[in-house]
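Colleague: Starting from the given sequences, assemble the full structure and let the hints guide the process.
Residue numbers (our numbering), protein chains in the order written: chain U, 719 to 978; chain L, 719 to 978.
Derived by calculation from the structure, the hints in this document are not laboratory data.
Pairs involving identical chains hold if they fit within one copy or between any two copies, as the list cannot separate such chains.
Heads up, simulated PhoX-like pairs for lysine-lysine below, C-alpha to C-alpha not over 20 Å straight-line:
hint, residue 1, residue 2
1, K942, K964
2, K859, K817
3, K893, K752
Quantities reported herein were computed from a predicted structural model and do not represent experimental measurements.
Protein chains: 2
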Amino acid sequence: MFDYLMHHRIQMWLEQAAEELQSALNRDLIVEEKKDASDLVTEMDKNTEKFLVGKIQHYYPDHKIIGEEGMTGEKVTDVSGMVWVIDPIDGTLNFVKQKNNFGIMVGLFYDGQPVAGYIYDVMNDHLFTGIVGEGAYLNNKPIELEQYQAINQSLVMGNVGMFIENHMNTQAIFKEALGARSLGSAALEVISVIRGEASIYISHGLSPWDFAAGYAICHALDMKVTTLDNQPLNILERSSVIFAHKNVHQEAINLLNPTE
Amino acid sequence: MFDYLMHHRIQMWLEQAAEELQSALNRDLIVEEKKDASDLVTEMDKNTEKFLVGKIQHYYPDHKIIGEEGMTGEKVTDVSGMVWVIDPIDGTLNFVKQKNNFGIMVGLFYDGQPVAGYIYDVMNDHLFTGIVGEGAYLNNKPIELEQYQAINQSLVMGNVGMFIENHMNTQAIFKEALGARSLGSAALEVISVIRGEASIYISHGLSPWDFAAGYAICHALDMKVTTLDNQPLNILERSSVIFAHKNVHQEAINLLNPTE
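Modeller: Right, dumping it as structure tokens:
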């Protein structure tokens, strides 16, 4: 089960991991392509995941771990008990090309339900945490989210390519909103929503490590997170995701899934 | 003519204006719509322009001033002599909705040619300056720009709506690049390019106050700034604009203007 010693430890580990990433940006990075030139992995993605996995396995040997870089040992096939979901660097392309605008993300789940989430905006030294049932925090200061009531009073976050291709009718959201912003990192795009800079963040395809931490923080803030066709998320599966202020979620679902 | 007393004064004025904007975000803003709900003006746009115009008119009564909010007196119809181009808040929608991600911009021109530019990223306390023939600086520290050699090694900046509509064939740039980012503020998008976070920023329609400061800073950094059909910019006219690292400018122009 989640407890505050665990919370304390995660924060310490993330501070240490963030410091390593900051100093790595002063060295030459070893960059490899995964699928193509826009899908990169560096030694720092691997090192950071290895570091976090090592800590978790040491303190919590019976917990399961899902990680982007696959340094977690056995593949997780059921969600029972405690499951950690790790993205060591979310926005690796930004990390490499911008040396900015990336995050470390950790989501904690119990029997598939979100328990706590952590997003570290490394270059701003901003650690966002959410503990379900307790609240959400920026560097331990409570976040008081003013939730939007309508999409047309707000900005939205999403990937440029998704909007161009109109994947899953996402242009309908763009047209309704005051405007769209695109940062190239799910971590930073979720942060925009939990800070109230935007009312929703939509993506037509995220892996569990891309959405887990944000899912838990949003849950702690009484926001709504589902697939774009309004199904619950499964932390074992890649899927479309909407992170939404509570009162705009249904409006967004209606725009994305017109009945006619 | 431009001199370093002028440079000193502009920096002081911008510090003062930025401080006012930061503290205004703790109060309720008076927001008015211009064209529509996504085109806003606040009393702080007007106050900031009034403040800067007052200073310029006091110290440099024979200089011309172009400002977004039209608090500059007589309309400027020729570019001879010294012309100041002011955007008191670039990204007013972000200012209102995000309380973040906006800038103050000042461009200085002599006989229509860029002389110096200033972009203040207010919430990060980052003042970017460029003095043509001398260099560009972030908070007085020289910027050493590593210029990209090819669009396909880089990210690009641009408006989501422009890419969706494929205005002026801008999707060709999107397809060639590693990805696109969109921040909703020309100030911040130009900053991304002068920091090397992206190789180009393109827009199908900017007003003089949107491009003047960035034009001057890019010129100081030996980057290239033209219309999307490769014409020189005129600071009296709204136009399309590309801000590009020197060696990718021609590649971008070719993509935007295919000959077949």
